[in-house]
Each structure stands twice: as structure tokens, then as C-alpha cells.
Amino acid sequence: MSRSADRPRLPGFYHRLTRHCLTIRPGFNPNSSSLGFDVSALVAGLAGVTLATLCASAWVRLRGGRRVGEPPATGEADPAPALPAGEEAAGPSPEPEAIDRQAPR
Amino acid sequence: MRLPAPARVRLLLRRLVQRPIVRREGFGCLVSLEHPPLLLLLDHRATRRLGLADARTSTRLATSASPGDPLRLRAPVEAHLALTRRCTHHCPTCYMDSLPPAPPPAGELEEAGWRAVLRMLAGEGVLQVALGGGESLLVPYLASLAREARSLGLVPNLTTAGGEIDRGWCRTVAPLFGCIHVSLDGPAAVHDRLRGAGAWQEAQQALARLAAVHPAVGANLLLTRQGLAALEEVARLVRRSGGVQLELLRFKPVGRARQSEPALAPGPEELLTLWPRLQRLACRERGLRLRVDCSLIPFLVSAGAADPGLLRRLGGLGCEAGHWLVAVDPQGRLSGCSFFPPLPGAPDARLPGALRAGDPFAPFTSFRTAPPAPCRSCDAFALCLGGCRAVAFARTGDPRAPDPDCPRVLGLVGRPADAAGWPR
Numbered sequence: 001m002s003r004s005a006d007r008p009r010l011p012g013f014y015h016r017l018t019r020h021c022l023t024i025r026p027g028f029n030p031n032s033s034s035l036g037f038d039v040s041a042l043v044a045g046l047a048g049v050t051l052a053t054l055c056a057s058a059w060v061r062l063r064g065g066r067r068v069g070e071p072p073a074t075g076e077a078d079p080a081p082a083l084p085a086g087e088e089a090a091g092p093s094p095e096p097e098a099i100d101r102q103a104p105r
Numbered sequence: 001m002r003l004p005a006p007a008r009v010r011l012l013l014r015r016l017v018q019r020p021i022v023r024r025e026g027f028g029c030l031v032s033l034e035h036p037p038l039l040l041l042l043d044h045r046a047t048r049r050l051g052l053a054d055a056r057t058s059t060r061l062a063t064s065a066s067p068g069d070p071l072r073l074r075a076p077v078e079a080h081l082a083l084t085r086r087c088t089h090h091c092p093t094c095y096m097d098s099l100p101p102a103p104p105p106a107g108e109l110e111e112a113g114w115r116a117v118l119r120m121l122a123g124e125g126v127l128q129v130a131l132g133g134g135e136s137l138l139v140p141y142l143a144s145l146a147r148e149a150r151s152l153g154l155v156p157n158l159t160t161a162g163g164e165i166d167r168g169w170c171r172t173v174a175p176l177f178g179c180i181h182v183s184l185d186g187p188a189a190v191h192d193r194l195r196g197a198g199a200w201q202e203a204q205q206a207l208a209r210l211a212a213v214h215p216a217v218g219a220n221l222l223l224t225r226q227g228l229a230a231l232e233e234v235a236r237l238v239r240r241s242g243g244v245q246l247e248l249l250r251f252k253p254v255g256r257a258r259q260s261e262p263a264l265a266p267g268p269e270e271l272l273t274l275w276p277r278l279q280r281l282a283c284r285e286r287g288l289r290l291r292v293d294c295s296l297i298p299f300l301v302s303a304g305a306a307d308p309g310l311l312r313r314l315g316g317l318g319c320e321a322g323h324w325l326v327a328v329d330p331q332g333r334l335s336g337c338s339f340f341p342p343l344p345g346a347p348d349a350r351l352p353g354a355l356r357a358g359d360p361f362a363p364f365t366s367f368r369t370a371p372p373a374p375c376r377s378c379d380a381f382a383l384c385l386g387g388c389r390a391v392a393f394a395r396t397g398d399p400r401a402p403d404p405d406c407p408r409v410l411g412l413v414g415r416p417a418d419a420a421g422w423p424r
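Those protein sequences? They're chains A and B, same order as listed.
Here the first sequence is numbered in our numbering, starting from 1 and rising by one per residue.
Here the second sequence is numbered in our numbering, starting from 1 and rising by one per residue.
The shape of chain B in the complex, shown without the other chains (with noise of 0.2 angstroms):
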């Protein structure tokens, strides 16, 4: 959709008049564009010849240490804040467990202590916050959240179902948020079944309401069996309602999820059917940007989508849970991803300092480090990392056992060479 004209100036003038954030780093620097929305991570002497070496340092993390890895950061890019468990909607395929819209669930953050949350995020260098919950806009401080956001110097992006999004809102908070992402589980007759009666309307008018004044809003896709099968469809419907962007996200079967797996989850051999078809869909559909979430990797790479040397060239990203990433959930505890239950005793968000407090990220570091058969003589490891490590701890109970989908765990195609030693 084409924005207004005082919208496209706006625009305009930000992308002159933005400064890059640069973030030095072990191999050389992060550069960070918001206009528009780019990451660089830069070489010494790239760093060196765009006079980038001055640069403020962030802190270093307790996990930063890995001779092994040469792109190691020194902090998180991004952090992902549930910010309530409430919401309006009661979805089978929630892995939050949701909670009805009222009494206020106890033990949840309140606006102070997510301030606190946003200060000792920006304090570590973190570049980005993603605002989800639960449904965010429940949350009454929401706009002045994303004010305290910017003001630190974070940029906040932010997850809804759309229901209570009028042209108010639009026009005052939208415009705080870098990218704005309306959740669904298919068209309209899925979304409906999974969601109530009207959702799926509720859904496409926030995204056209977002879409006439904001350059960066899309729709999450979850890939449940229906919703992989319409896939083209929603695209589609995305495109025509505004959005620039459609997320896959794959289906997790944490929260209630747990129980609605057999029944929605699609196998890993319809998912090795995504990556001929997203080839087809980002050629046909042009005006919309194809994205897929980080458990998807193994059955893209596994489909043959690229050499995983030139996907982590080109920005793709395996489970970077505790590295590239962190999580919040609404007590405020710290987990490496948000589909991951923060361990016991895991470190108060609020407190400066919680990222190096102890080792809250445990089990995705040792992963990464030592992983076991058949990852570690996958030639994809250093891309995919082990594929969804929260999926792989609600099926087996292990948090370093390999992911129990990935097609070449199965032998769907060509194995790593432990595999046959791989119990199943």
C-alpha cells in the first residue's frame, strides 16, 4: 500500500537525517540502520577505513569468550519482552498459556520494572526489543514503553493480534515501533476456527489501518497443517491488505500447543516442501518480504535453499538463543528465547547486569559448544546450530538433544555421518 504523502516525507527525513548505531565488537563492529532496517557486522579493517574504530564498546557478556566462533558478540542485537500473559483470544496453538483478558495475573511486571528491564537492556548494548505477550495491547503503559524504548536508544518492534487497534492509535503510537507484525494461523476459515468468530476480519483491518501509515507492517504466519497448505493464499490476502512482510513461524508445541500438536502440527516432510514453494511465492508475490523464523533452518538447508556458508553470509540465523537473542518473560526472568522456560534461579531482568549473572543461557551455550551426534559432523552446524532447542526439550525432555524434526536427524535426506548412533 502506498503511504500518504506527510508519511512519505516523514520517512524521508529520517533516512537523511538517521545516524547508524555502531557497536564494536571481537571481530570488528555491528553498524545498525533503522531507514532502512539493516545489520552489518564488519571486518577490523572495514571498521578501520569507515573511521568506525572509536566506537562505543558494549559490555563485554560472561559468555562471550569462544575462540571457536569468529562472528561472537559481545552482547544480544535483540531481546524479546512477553509482556503479559493476558489476551483477548484463546488460541489451541498458544505456547503461553494465555490467560483471559482479566483479573490481572499476579506476579507480573508493571511499568516500572519493565523501564528497568528497557535500562539494563540498552546498558549491555542491546539494538532492538521485540514487545509480544500474550496480547500486547492489553498492556495500558504500551505507548509510554516504546517512548522509554527510543529514548534509551533501542528500537521497539511489537507483535499484536490487532483487535484493539483503532486509527488513533495508528496515527500516535504506531509510528514508535520499527516494524509492527499482526499475528495468523491461516485464512480467514482457519484463523477463525483457531481464534473465535470475527478474528480473522479483526486481524485484516488492523493490518490495512497499520499499513496506511507505517512503511514496515506484515503479518506472522503459523504454520500449522492448514496454514502451510494456504500458504500462497495468505500471501496474498497479506499483500492485498497492505503488509510488506510475511513471517513463517514454525509450530512449537510448548504452552497449549503441547496438547493441539497432533491434531494441527504439520511432519517434517510436509515442511521440506516450503523452500520450492517460497522460491515460487518471493518471485511472484514481489511487493512482499518472505521471512522465516529460526527453527525453520534445517528443513530449508535440508531442501538444498543454499550453501549454509553463503545463508549466514546473507543474514540467516540458526538458534542464536543467548547470543544474538534473549528473552523476558512477565516475571520479568530471563530465558535465551522466549519458547524456552527460564531456568531455575534465572537471573531478575530488572537488576544491571543480569545478562552476565551466572550463566542463564546454559543450554544453549553448551550446545553450541560440544554438540552432539549427529550435529556436530553436520555440515550445517555452524548455520543451524542444533535446529529449535525448545522444540527439542518438549519432545525429549533434553535441552542438548538434536532437533528430533530435522530431516537429516531422520534420514529424510542425506545423513551426518553419527547419525545411524542417534537414538530415536
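If we strip away everything but chain A, and leave its shape as in the complex, we get (with noise of 0.2 angstroms):
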């Protein structure tokens, strides 16, 4: 399977409004150097791209994300990895709740 069919696609409305929409420029300039940028909207900007990628994630999450530490849907768990001789398994494999939660972000 692609790699890009294993990936959940974001909402259209998403694609739309960042792929369309190049530049959203707010305000009158005044005179000649004050064309930089609004800080405001600035802020509030990061603000709502905060809030939508939170959105996303959580979006990505229920629609088929797989937990790390999960098997396959189609195939067997890997198997375990083979020690070097005279070592020995620390103890019982962690739970996948605490393999997630330890999976670096």
C-alpha cells in the first residue's frame, strides 16, 4: 500500500483555504514604511494555526491512527528481537498504553 493511501487526508475546506488563499493581508498603510505586518492579526493567526493543528491531530487520531506498539491489522506481531548470548529479558514486555505514552513526540 502507498504511502500516501496509509495517511488519513485532511479535511478539503483545510486544503482549500491554505493551497487557494496565497497572502491574507489586513489593513491601510499610512505611509511609506509601514507595510511589514499586523501584529495582531499576527498573534492571532498562530493562535488559530495552534488550535488547527490541534484539531487535525486529534482528527488524525480517531480516524485510523495506529498506536505504536500495536500489531499490524493484516499481518503477525514482529517478532522479538533477538538478545546477544548471556543476556537475559529484563521482564515482561510494557503495555502498549506505556509504549505510547513513552514514543517520542
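Hints are supplied without guarantee of correctness; some may be wrong.
[To be verified] If you want a taste of the chain B side facing chain A, the calculated C-beta under 8 angstroms gives, among others: (1) V155; (2) T159; (3) G163; (4) R289; (5) L325.
[What the hints assert, rightly or not] Quick list of simulated restraints, FRET-style, between CB atoms: (6) L33(B) - G48(A): 34 to 44 angstroms; (7) L51(A) - R147(B): 42 to 52 angstroms; (8) G48(A) - P100(B): 45 to 55 angstroms; (9) R167(B) - R19(A): 30 to 40 angstroms; (10) P104(B) - T53(A): 38 to 48 angstroms; (11) S57(A) - L33(B): 32 to 42 angstroms; (12) C55(A) - A143(B): 42 to 52 angstroms; (13) H20(A) - R258(B): 22 to 32 angstroms; (14) E110(B) - R19(A): 27 to 37 angstroms; (15) C55(A) - R236(B): 30 to 40 angstroms; (16) H20(A) - E110(B): 41 to 51 angstroms.
Hints were generated in silico from the structure; no laboratory data involved.
Quick reminder that beta carbons are idealized off the backbone N, C-alpha and C, glycines included.
Taking the hints as your guide, dock the two standalone chains into a single complex.
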């Protein structure tokens, strides 16, 4: 299965918003050097982007994100890695939830 | 400040009946709204889907062929007109080397000349004009020029020190402008020290009178060392006077400001502290829209304001002189920016097609297409475009030098790969 098919697609409006509107620029400029940017809009925009990221990540997780440690849906669980000679396993393998918490962000 | 009921009804009606201006561009189109003031740059697909594909196409600029920049415009969006060098104040920070109110200096354009300039700009597809000076209120035909601009489809905006504004002017002339800003140099004591006793009271009175009749009134704060230190206090005072916008302007060593720079201008380290303070201020003063000028972009990007690509998408613009913006000096000569002197042989802005005569914006376009080190390896270049050309020219005599105060050039933050070779 291809990589793009594996990944859930984001909602269409998000693509349209980010791909087809190249720049949004609020306000008028009263003098020559006042191009710059609107800090208030940027702070609001950053808050919006943060919120959108949280919503998108929640949506991806709900839609079909596979937790780390869970066996693949179609195959069997990966065999445990072979330990070097002379070493023993420290104990039972941790629960999937524990692995999920330890997964790097 | 809350507008009176008739002004609110007028504003609502304008919002309902306004027609957006659409300008076709190489990347798609540019849509301009006045209520609320908004510019949208849309790609071809959005242009087709919204039915904007048959909008009028503005004249192509001679300098428009730039395959490297996908957002290359066919014509500038804004023009700054310095109507006169005359002024009621004699600030040590003035970039225009202002002159006393009388006698009128020789060689400045009269009303007919400025009308011709407005016609030329409208013909090229420019959307907004910023009227300033000197003191623009000393120009007796200011209202007539604003009406002419409106009749040509341009949105006029105004900067003033505020001295001549009375209630009659607020009622009859102020509604012609898209936005009006009053110039400030700091809180009362600093402002009066630089501009003369009583100047602060005049400015504050003008701000309050304008805010009572106009929805887009604000102040320009020039960032002197004292002005920067008192940023939060000035923001509070502007909001209490009814202003809804505060524009922060970087100190540029041009005109009389060249002599006063060592005593008054903040250093790059001080400007690097601006971004965290602005974030706090934007959260605290929610009724006040904070804006920074194009020459401050290197400091905000270096302070980690945001990813340069995101800033660009949210309307951030670095040195767009000669591209997004052009300027006309009191003699009617074209330049890329009002802080940059017109080049020898600069075209006369009264003549039709002046924007396409020769290459009046050569220092800007050549810097943009072939930036020198260290800008060419800097990840923020696509946004900041090398910092302020006017500051670079004033300090080094070379308009193609990188901004000498840029924190990345100075090595105050992470340097671009080839910054070590940059001679200082």
C-alpha cells in the first residue's frame, strides 16, 4: 500500500484555505514604510494555527492513526528481537499504553 | 472609542454595498476590500472558481518578469505621496529635512501636478495612496486631492502631526480617507521635547476628535530609544484616546535624523527585545491593532516571531520598495520608497507610463534578484528581502549592502552560512 494511501486525508476546506489563498493582508498603510506586518493578526493567526493543528491531530488520531506497539492490522506481530548471548530479558514487555506514552513526540 | 450611531449606520451601509476591486496577476488575482480593509492574493484556481477570471488586467510593469518570485505583482499596490516638505514642527528625527510653513519652497508640485500623478497611478492599477509630508494638512488642496483619488478608484490614507484638525475638518474631510494616523515620538514628555511644547496635547486632541467620526484612526510611533522604552505606555494612551491602530516605525538615519541618530536611535540589541513585548501587548491591549514597519522584519524574524513562510502568508512584507510600494517626492520624482532618494534621472510621476520608464527601482530589483552574502543564504530572505535599503544606503553608501543592523548579519543570533565573509 502506498504511503499517501496509508495517511488519512485532511478535510478539503483546509487544503483550499491554505493552497488557493496565497496571502491575506489586513489593514491599510498610512505611510511609506508601514508595509511590515500586523502583529495582532499574527498573534491571532498563530493561535488559530495552533488550534487547527490540535484539531487536525485529533482528527487524524480518531480517523485511523495506529498506536505504536499495536500489531499491524494485516500481518502478525513482529517477532521479539534476539538478545545477545548471555543476556536475559529484564522482564515482561510493557503494555501498549505505556509504550504509547513513551513514544517520542 | 464607540462611533456615534449615524457613523455606524454609514459604515454598515458601506460594508453592504461595497464592490471589491479585483486585479488580475500572473499568479491569479488580487482582491481588495475597504470594509474591512483586506487584501487577498488568490491563485488561478480560486480566481476561476470565484468567477474573477474576467476582471480587468492592470498594465504590466517593465520590471515584472521575475520567474523566481511566484507572487510577483504586475503593478504596485500602494504609492506614498510626500505632498510637501513644509511642516509646523522641526523634529530632529525628520527624514524629509522639513522646512518652515512659509514661504513655500520652489519646485514642489501644485494641485494640477498631484492630480496628474494620481491619474498616472490609477491608470497603472495602483490601489492605495498614502498622503504625507512634511505636514500634509498645510496643503490647501488636500481635500480636493482626496476626492480626486476616490473618483479614480484609489483609497487615500493620511499621516499628520494633528495640529490643524478641527471638528469641521473631521466631519467633512476625514471620511474621505481609508485610515488616518497621527505621528507620535513617545509619551508626552518625549514627544514635547522633540517637537516643541504643546505638541502632545495637539496630537492627542486630534486623535480623539478623529476617532469620534472615523473607524480607522491610529498613531505612528517612531521608535527612538525613549519611545521604545515607553511602548506600553504609548499604546495605552493611544487606546484611551480612541485610536484602534498603533504602527511602530524604525528609526532611519535619513534627512535630519542622520545627525540625531547616535543620541536617539535604539541599537539592534534593544530592537531584538521588541517581539516578546509586542506579544504581551497584543494580548493586553486587545482593542488596539499593533503593526510594525517593513524595516523591523529582520529583528522580529531573528527574535523567533514565526516561520518566515507563515509570516508571508499572513501578509508580512519586508522591503517591497519598487514592487508592492512606490513613492513620489514633493518635486514629483519617482522612487522605490520615501526614505530612499530618487535616483539621478528619476522619471516624472506626472507622465503616463512613468512606472515603466527605464528602471527607476534598480537598487531594489537588483538586490531582490541577486542578493549579496549573507542574505543569499539566509532562510528569511524571501520575506525580509535584505532589511531596509534606506538604512543600508545611509550607513554604507551602498544601496546593495545588507542591512547593517540586521541581527543575523551582526551575529547576534544564528548567522547565515556565508555571514563570516561580510565586511563591516
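Hints versus structure:
A cut of 8 angstroms between beta carbons decides the hint on V155(B): the least distance to chain A is about 7 angstroms, and the hint holds. A hinted interface residue such as T159(B) counts as satisfied when its beta carbon comes closer than 8 angstroms to some beta carbon of chain A; here the least separation is about 5 angstroms, so the hint holds. Residue-level restraint check for G163(B) is violated (minimum Cβ-Cβ distance to chain A is 17 angstroms; threshold 8 angstroms). The restraint placing R289(B) at the interface with chain A holds, with a minimum CB-CB distance near 5 angstroms, inside the 8 angstroms limit.
With 8 angstroms as the threshold, the beta carbon of L325(B) comes within range of chain A, its nearest partner Cβ sitting at about 6 angstroms, so the hint holds. A C-beta distance of roughly 20 angstroms is found between L33(B) and G48(A), which places it outside the suggested range of 34 to 44 angstroms. For the pair L51(A) and R147(B), the supplied restraint of 42 to 52 angstroms holds, since their beta-carbon distance comes to about 44 angstroms. At about 50 angstroms, the beta-carbon gap between G48(A) and P100(B) stays in the expected band of 45 to 55 angstroms.
Under the hint 30 to 40 angstroms, the C-beta atoms of R167(B) and R19(A), about 49 angstroms apart, miss the expected range. Range check, P104(B) to T53(A): Cβ separation about 58 angstroms, and the 38 to 48 angstroms hint is violated. Separated by about 33 angstroms at the C-beta atoms, S57(A) and L33(B) satisfy the suggested range of 32 to 42 angstroms. In this structure, C55(A) and A143(B) meet the distance hint of 42 to 52 angstroms, their C-beta atoms being roughly 50 angstroms apart.
Between H20(A) and R258(B) the CB atoms are about 46 angstroms apart, so this pair departs from the stated range of 22 to 32 angstroms. Against the hinted window of 27 to 37 angstroms, the Cβ-Cβ separation of E110(B) and R19(A) comes to about 49 angstroms, which falls outside the hint. A hinted range of 30 to 40 angstroms for the beta carbons of C55(A) and R236(B) is consistent with their spacing of about 35 angstroms. A beta carbon spacing of about 46 angstroms between H20(A) and E110(B) agrees with the range 41 to 51 angstroms that was offered as a hint.
Hint violations for this structure: numbers 3, 6, 9, 10, 13 and 14, all remaining hints satisfied.
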